[in-house]
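Asker: Modelling step: build the complete structure from the supplied sequences, incorporating the hints.
Listed below are the residues making up each chain.
Protein chains: 2
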Amino acid sequence: MTVGLSAPGVLHPVKGVMLASCHSGIKKDSTIDDLVLMQFSDESSVAAVFTTNKFCAAPVTIAKQHLDSGHATRYLLINSGNANAGTGVEGVENCISTCAAIAAEASFPKQSVLPFSTGVIGAPLPVDKISSAIPSLIKKLGEDNWLAAAKGIMTTDTLPKAVSRQLVINGKKVTITGICKGSGMIKPDMATMLAYVATDALIPQSELDSCLKQVVNSSFNSITVDGDTSTNDACLLIATGVSQQSVSRTHDEFMSVLNEVFSLLAQSIIRDGEGATKFIEIQVEQALSSQDARELAYTIAHSPLVKTALFASDANWGRILAAIGRAPISSLDIDKVALFLGDVCLVKNGLPDEDYSEQKGQAVMQQQDIIIRVNLNQGEESATIWTTDLSYDYVKINAEYRS
Amino acid sequence: MTVGLSAPGVLHPVKGVMLASCHSGIKKDSTIDDLVLMQFSDESSVAAVFTTNKFCAAPVTIAKQHLDSGHATRYLLINSGNANAGTGVEGVENCISTCAAIAAEASFPKQSVLPFSTGVIGAPLPVDKISSAIPSLIKKLGEDNWLAAAKGIMTTDTLPKAVSRQLVINGKKVTITGICKGSGMIKPDMATMLAYVATDALIPQSELDSCLKQVVNSSFNSITVDGDTSTNDACLLIATGVSQQSVSRTHDEFMSVLNEVFSLLAQSIIRDGEGATKFIEIQVEQALSSQDARELAYTIAHSPLVKTALFASDANWGRILAAIGRAPISSLDIDKVALFLGDVCLVKNGLPDEDYSEQKGQAVMQQQDIIIRVNLNQGEESATIWTTDLSYDYVKINAEYRS
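The listed protein sequences derive, respectively, from chains A and B. Position 340 of the first sequence, counting from 1, maps to 340 under this note's numbering, and the rest follow consecutively. If you want this note's numbering, it's the 1-based position in the second sequence plus 1000.
Note that these hints are calculated values from the structure, not bench results. Since the model is a prediction, treat every value here as computed from it, not as a measurement. C-beta atoms are modelled at their ideal positions from N, C-alpha and C, and glycine is treated no differently. Check each hint, because a few of them may be wrong.
What the hints assert, rightly or not - Short, incomplete list of chain B residues facing chain A, as computed with Cβ under 8 Å:
1) 1053
2) 1055
3) 1141
4) 1312
5) 1323
6) 1324
7) 1325
8) 1398
9) 1400
Answerer: Right under this line is the structure:
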């Protein structure tokens, strides 16, 4: 079940990007792809952010090393069904082997390949299956395979996640197309689950790094399903430059569309969150610092009591107040706090609003998309994060994941 | 359903303490008590800790004021079914009215009464029902009513929680008896849900404050169900002195028994945790600081993915490692981390232990009481906290709480 999420619309090819996907045998069901290859033209720039989880997976370690090696990135090799995390030295060796297999077939150094894995933690990566699949995978590379790639990186996702936009800058058409996956173990921190966004705009490396940092903060770094930061999160932005149209982070129109693509991808992860029946936007306004605003929003978003009330469509504002009251923020003047559910004011000056009625609250709670807005009336900083409710199905999906 | 929790055993009266309980009409079911009165003899000392939630309830505010007033505490008035939280000025006035009703009947100043409420947040306290019940409640006061009091303070608790111990010091018998309630919204911080422990030992005020602080840290401040700190938490230690036996915090035997009473009461809250099917002890050893040890233990305890794996009896150690990896602690050397499930080593030096098998892990996971032990091999500090799994029933109980 998803919350207002449908299959991707038209996915425009990005000049300079070729993709392929196949079933290599990592997943049991042979009708489902589990291996994806992305290839970039030779002038491409690549920017990446990774999980901050200290137990990061082997592919995260190797992808960072390859990025730092000075070799241009030409390939991304992404498998689903196995995270290659908690696999020690063998996991690292397996990961390098798969990069080497691509490199040998394509006559590039192995450092030009970045590896990514997502799936079960702690199982050995079936490196032979992956290596055997690579020659035919390379042959299948084509510019129209974005949807197949989006499907090939799925794990507990119920729908593929992809967004595509085009804009015209100085008479030249520029395309931005991206895919991502993720449904549980979602609380990215400076990174996300797997996300790959490519554009044919021309963006130099240092500029691309800044662009990615800027859009990631308000998209993938502003979502949470369960507060659990994955060991394998990664988010990449690739600029092939093939459109010959230069842009920078100060190009408002391009950045606005780039931000739209990132936000829609990030929201699609929440809309497909494990067991989600509601899409919740939490807005915190007029905080003393943006850090405070984010901490407070996350405290509400992670409260199991708030999340179960949302699942029950119960306007239990007492639980939201209790979460606000325990948030680890520098100072809170409870007499100034205002709380809104959609447009309905629940609490003003720290007290139940006189005009509030359960009926008004219930009317908002019945909706699928719900905005919880907290105004601290203390400062000028704000934050917005997106999350889900906590349902029977979240428990079911995660209790039965390995069984 | 509870996890290894049975009805309380023998509850020894505490000299100098009288109790009474009745149904006043706050709860719908007239066969269930919802109002409890405790009375202390005139030389009693009382120490208290309260919730740190900034949206604390009216009774917490008033109880603190009355404690600070310099008047000796002679009565505790505790109602269940209504938290009197988020009720503004009216809530404070209602709270003071109930104290005044006791005071008028008993000819004491109202500051000698401490009020406590637990239940639904945001509903007006039915002060008339409470006041009407007080005269007969005072008449019912008796020293043998500990079990009735334990029942009268229950909300979503499925069993009353009470522990009693006696010891002989210098030939004099000293009794410690306590009751508590709590099942959800449990992550006390310097306080707990409602807990009242009384002894007839003679302990001066300043000494009693120190005793309470010491035992609360390793009991009620070391448990969590859902990470949600309540607006109404309070924990009191009362020393009537009627046994004429003086003790202090340096009296090892007394403190050991006091600690046992507090720990068993705290554990009983976890064993009756909302939807709990497992009782989990998380031990973190050889951390650089006790703060780090506690943070790490709580990160594991609050992870919905770890909790659902525990519910499923699935030895999914990858989720525990992922939680360790994202814990907000000062420094973590993942190559030194060891992880045990009961006596079974899962991870050594940050990697899966060679002798580990799924079968060994499953054998531990099938048990009802499970110890998760993390050794960081970095320092000398440790922490132990207690928690539950996350089950369908947790979601059910909290989704249907007000419906």
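Asker: Run every hint past the structure and note whether it holds.
Answerer: Each hint, compared with the structure:
1. 1053: Since chain A brings a Cβ to about 4 Å from residue 1053/B, closer than 8 Å, the hint holds.
2. 1055: holds (3 Å)
3. 1141: violated (33 Å)
4. 1312: holds (4 Å)
5. 1323: holds (7 Å)
6. 1324: holds (6 Å)
7. 1325: holds (3 Å)
8. 1398: Since the shortest Cβ distance to chain A is 4 Å, the answer is holds.
9. 1400: holds (7 Å)
When each numbered hint is compared with the structure, a violation occurs for hint 3 only.
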